[in-house]
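Sequence lines, in order, name chains A and B. Everything in the first sequence is counted per my numbering, starting at 1 for the first residue and increasing by one. Everything in the second sequence is counted per my numbering, starting at 1 for the first residue and increasing by one.
Don't take each hint at face value.
As the list claims (entries may be wrong) - Only pairs whose alpha carbons sit at most 25 Å apart, straight line, appear in this in silico DMTMM-like list of lysine to aspartate or glutamate: (1) A:32 to B:127; (2) A:56 to B:257; (3) B:277 to A:160; (4) B:277 to A:48; (5) B:177 to A:172; (6) B:122 to A:101; (7) B:135 to B:34; (8) A:162 to B:275; (9) B:277 to A:142; (10) A:32 to B:257; (11) B:382 to A:101; (12) B:66 to B:150; (13) B:122 to A:160.
Unchecked claim - Some chain A residues judged to face chain B by a derived CB distance under 8 Å, without partners named: (14) 35; (15) 52; (16) 154; (17) 156; (18) 175.
No lab work stands behind these hints, which were simulated from the structure alone. Even for Gly, the Cβ is constructed at its ideal location relative to N, Cα and C.
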Amino acid sequence: MFARNTKIVITLAAVAASISISAIYKATAAEKYGFGRSLGEAEIARYDSDIHTNGKGLPSGSGNVELGRETFALQCALCHGENLEGVPQMGARSMHEGRRDIEKLPYASSLFDFIRRSMPLTDPGSLSSEETYGLVAYLLNETGVTDNPNLTLDAKSLADIKMPNRSNFIIDPASRFTAEDLEDK
Amino acid sequence: MKNIAKLKPNRRNFIKASMATSAALLSSTSLGQETILEPSRGPGRTIMEMGYYGDRSEYATEARLKGNRGTGLVGGSLTPLQNMQGMITPSGLHFEVHHSGVPDIDPSEHKLIVHGLVGDEKVFTMEDLMRFPAKSHFHFLECAGNGMGEWMSPRGQNVQQTHGLTSCSQWTGVPLKIILNELGVRGDAKWILAEGDDGARMARSIPMWKAMDDAILAYAQNGEFLRPEQGFPLRLLVPGFEGNMNVKWLHRIEVSDTPWWTHHEVTEYADPRPDDKIRAFSFIMEGRSVITSPSAGMKLNGPGFYEISGLAWSGAGTVKQVQISTDKGDSWTDAQLEAPVLPKCHTRFRMPWTWNGQETTIMSRSTDDTGYTQPTYSEMYKLQGPIGMMHNNAIQNWHIAQDGEITNVRS
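Take the sequences, apply the hints, and build the full model.
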């Protein structure tokens, strides 16, 4: 144990002195316990369902406002209300105002990711990629982010959407990140 | 046989005997007579009648208070802080919040997948994780929304309703940095995504610096496996960070160079400000304290001695000082901090007080070792807008009326 700690300390000191803080994370992986099983790409893909802000992770396929409208009526309106006003008895708040205001989201990916991971509440993960693209198109149009009744979204067009409120997000300095660190690249 | 048991000098019999003696001495007519002991209670329940997992007394009835939104799948419960002693919350009274119900997970089938910007991408079983060196640490866990209902006006009837979304436990698990070092993190990795295996697949972005600092992959709480509502069999613990980031039923960690801006981090857990900006990534639960006794819903039984007691904590460090005012904030006195006083942990404070029977308001304010002092509501309103009720750590006032009734007031 002593030898292990000493080695890490020496490695840390050397790396911190020579390169950058972020490199420390890599350098400490000197010794291995060897527990766990390595994963292949196919196996990871089964679990890796999240969407990054640059669109990485978005599935193939596409969906339009019309498909979104139909899907919303069938799968979402019971809780979220026919006009996105929210049904308090079902626990859903308005998507037009306050914290759930879709117009205020920083990225369209946040919306796609959440619908795909958590909705509908009683059967999450049951929506197809097409239905999810369609729902995002429908919701962006209904909340005035876009104004195109024929909007069709796919991986590329969804990633290209610039949300109007993005610049109003400020970063808590205690997070040790700045707005510049988190600028879109 | 019964007589022998009766005379056995255990503590209970001694006290009973003393009380009987005192009573006898007080009634002088019995002077000189033989002391008559109160009859014994007799034998209690046999070991065969006791459970294999201990139950509390039927007379101990303190309980969580449940709340839900509509369906009950998105719901939570609050800790009865007014009944809590010391600094630890019993696991069965720990607050909870969940976003798609409490899943029932077989630990023999549970897996943790770690992938992304790492040298090796791996899956770990619970057995694998428990082979790594472990750590046990005492930490509070507080929901960012603790006290959100209090933001505009005092509403809670007691401290459970005003502050019950904080609890404190000893957590045991593998330091996350051990796992990340094991796999080798790439130099450009700055964030991880922690994802739960509940229906909602609750997901939050966590900075790499926190993951490499004191984050724990916890499988135990207060000496036993996690409760289902606390993430059984595995949860992330990011000490001092808002409760929602301590992802329960943890099954996947992805390492990346950017945050995800997930639903929870950009809606419910972001803080709208008065200038229409939205503060994001406000992770740390800052210094806070509250008097738990005497507190709203209690009644003082006439003038005289009372111990003022409460809890203080800070997600940024260690509680350094708690001051108490018993005169509506005009003067402040240091409370005693009860050991152990640990970083990112509930700290019990106490102060002796003699109530003179006059109407007053009592309150506490904490300062942590970063120098941060708990703010007043008027100070907080400058920072957060009308719906910015997350991270409400303002000073709590309890009003004591002349008849001893205690209520929740703003000033």
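Check: Given the hinted pair residue 122 (chain B) and residue 101 (chain A), is their alpha-carbon gap at most 25 Å?
Finding: 38 Å, violated
Margin query: Can you confirm whether the C-alpha distance between residue 56 (chain A) and residue 257 (chain B) stays at or below 25 Å?
Written below: 12 Å, holds
Item checked: Satisfaction of hint between residue 172 (chain A) and residue 177 (chain B), Cα-Cα up to 25 Å -> 24 Å, holds
Margin query: Between the alpha carbons of residue 135 (chain B) and residue 34 (chain B), is the straight-line distance 25 Å or under?
Written below: 60 Å, violated
Next item on the list: Mind checking the alpha carbons of residue 382 (chain B) and residue 101 (chain A) for me, to see if they're no more than 25 Å apart?
Entry: 23 Å, holds
Check: Given residue 156 (chain A) was flagged as interface, is its beta-carbon under 8 Å from a beta-carbon of chain B?
Finding: Since the shortest Cβ distance to chain B is 19 Å, the answer is violated.
Check: Are the Cα positions of residue 32 (chain A) and residue 127 (chain B) separated by 25 Å at most?
Finding: Given pair residue 32 (chain A), residue 127 (chain B) holds - Cα atoms ~17 Å apart, limit 25 Å.
Next item on the list: Would you settle whether the hint for residue 175 (chain A) is holds or violated, based on the nearest Cβ-Cβ distance to chain B being less than 8 Å?
Entry: 4 Å, holds
Next item on the list: Below or equal to 25 Å on CA atoms is what counts here, so check residue 66 (chain B) against residue 150 (chain B).
Entry: 17 Å, holds
Margin query: For a C-alpha distance cap of 25 Å, please report whether residue 162 (chain A) and residue 275 (chain B) respect it.
Written below: 22 Å, holds
Notebook entry, point to check: Does the structure keep residue 32 (chain A) and residue 257 (chain B) at a Cα separation of 25 Å or less?
Noted result: With a Cα-Cα distance of about 24 Å, the restraint between residue 32 (chain A) and residue 257 (chain B) holds, given a limit of 25 Å.
Check: Under the criterion that the straight-line Cα-Cα distance not exceed 25 Å, is the pair residue 277 (chain B), residue 160 (chain A) satisfied?
Finding: At roughly 23 Å apart (the allowed maximum being 25 Å), residue 160 (chain A) and residue 277 (chain B) satisfy the hint.
In summary, the numbered hints that this structure violates are 4, 6, 7, 13, 16, 17.
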